[in-house]
Amino acid sequence: MTDNLFNTPAEEVDRLVAELSETKGALRELSGKLTRIETRLKRVFPQAFPKRTGERREKPLAESEPATLNPETAIALYEELVEHARNDRFEEVHRKLSSLSLPDLSFLRRELGASLGKRKPSPKTLIEVIVGRLRESVMLSKHTNRQELLDQSDLQRDPSKEREKS
Amino acid sequence: MADKSPKTIATINFKGGVGKTTVTWCLGDVLSSMSNQRVLMFDLDAQMSLTQAIALNEDTGHLHDKFGKWYESSVAHKKTIFDALDAFTKPAQHFDFGVGFDFIYQITNQFHFVPSVEDLYWQELEVFDRDGVKDFIRRLLGKIANSSKVPRYDFVLFDCPPSFTLLSYSVLSCCDLVLIPVNPDFFASRGVSLILNSLRMRIEPHPIPRIGVFMNKAKTYANAPTKEVRFYMREVERGCSEAAQKQRIDARFFKSFVRERVGIKRAITGGGVPADLVADFQNLWHECVQYLP
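Chains as they are written, first to last, in the numbering used here: chain A, 1 to 166; chain B, 167 to 459.
If you are wondering where the hints come from, they were derived from the structure by calculation, not from laboratory data. Where is the CB? At the ideal position from N, CA and C, for every residue including glycine. Certain hints may be false.
[Stated by the list, open to error] Computed list of chain A residues with no C-beta within reach of chain B, every gap over 10 angstroms: (1) 5; (2) 10; (3) 14; (4) 42; (5) 73; (6) 75; (7) 101; (8) 103; (9) 110; (10) 111; (11) 114; (12) 133; (13) 136; (14) 140; (15) 143.
[As the list claims (entries may be wrong)] Partial list, derived from the structure: chain A residues whose beta carbon lies under 8 angstroms from chain B: (16) 112; (17) 113; (18) 137; (19) 141.
Isolated chain A, as found in the complex (with noise of 0.2 angstroms):
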């Protein structure tokens, strides 16, 4: 009995591992409330909450500037991205898709027909709603066939099956 009092170091990791989870779990619930409260505040005091203003960032290439890709070319580019998403390669994606400029960018999401609710949108925004049309593209080629899916888990329990079959 005494072998079994205390957790496994596995066990506690199993556990700490939930509690952390439990905790942003809370975390986000309570920022959600802090958001909500801040948008009534800001809608009653308006005066409270200046915007802020003089602090320059650095301006990305504007978006009305010409992009280098052609819609051919942005669809090959589409299509070669498509390929890494299906692969699971989306840090690959997320690379090649940040080394494009802002015009490129923009240009690649309207070829691909994906709309925004912005009218000057972030590089980041960009990329989210172009990463969003590939998800689209690898869920619309997957099928997941029940009966192959069992037939295969099936001969991996019995490998004799296949010699059956063959």
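Using the hints, position chain B against chain A.
Same frame as chain A, but now just chain B:
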């Protein structure tokens, strides 16, 4: 001798609201009114959208409730599609069901119609044997082709329900072309993948019909599909060619598309395909006919 049996086209998609009913009716209307071809159209959906839309058309006063009276008589005389199925599945009897204009309604001289009935909802409970139903549509078409009371049809169109029912199984086991309308959105496009990747498994050992997929409700800008529509067209085309290769099926994404127009919603009840959409359906017909076996 030339093959005189009609070419059969089933409109299907497991996703609801993609425009199966409207497309089926518009195809029938355009061909029957603008050519010498005779078209027979079946409503196989127990939701009866097509049947009700045709009844609504009569309610405009155009045909003075002709369909309503005909329909009541057809139900009373047990001459509906459900009665035909009932006769087909009766044990130890040959398929005893006479086909005439008490079973087929004449919308126009060249456009005829077999309506749906609510009883189809309960058909799955009454008939359990899938294989007992598989030849139903084939045999019914044979009866129609051999009946001296109805004309010879060039095309038969089926408006299928948005699910895999026994009747859709029976249609898919014998039709020449499965036509899948898809919309430019993620969920409708997923519906295509589901059919393409599961059809073989579901209807084997019957031969797999040819499958044509086309974009319906395509938003346009300057008469060309918008970039968003083109994105989904590319994706669905990719899905078609991958499924064709993987599932060994004859699936094709059609170049023709049907534009989104508010007016098309009133096409069945309001008396016709809007003038600016006629060309879309004619193009679709051309591609269907070229692709048919």
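Item checked: Hint numbers contradicted by this structure -> Of the numbered hints, 6, 9, 10, 11, 12, 13, 14 and 15 do not hold.
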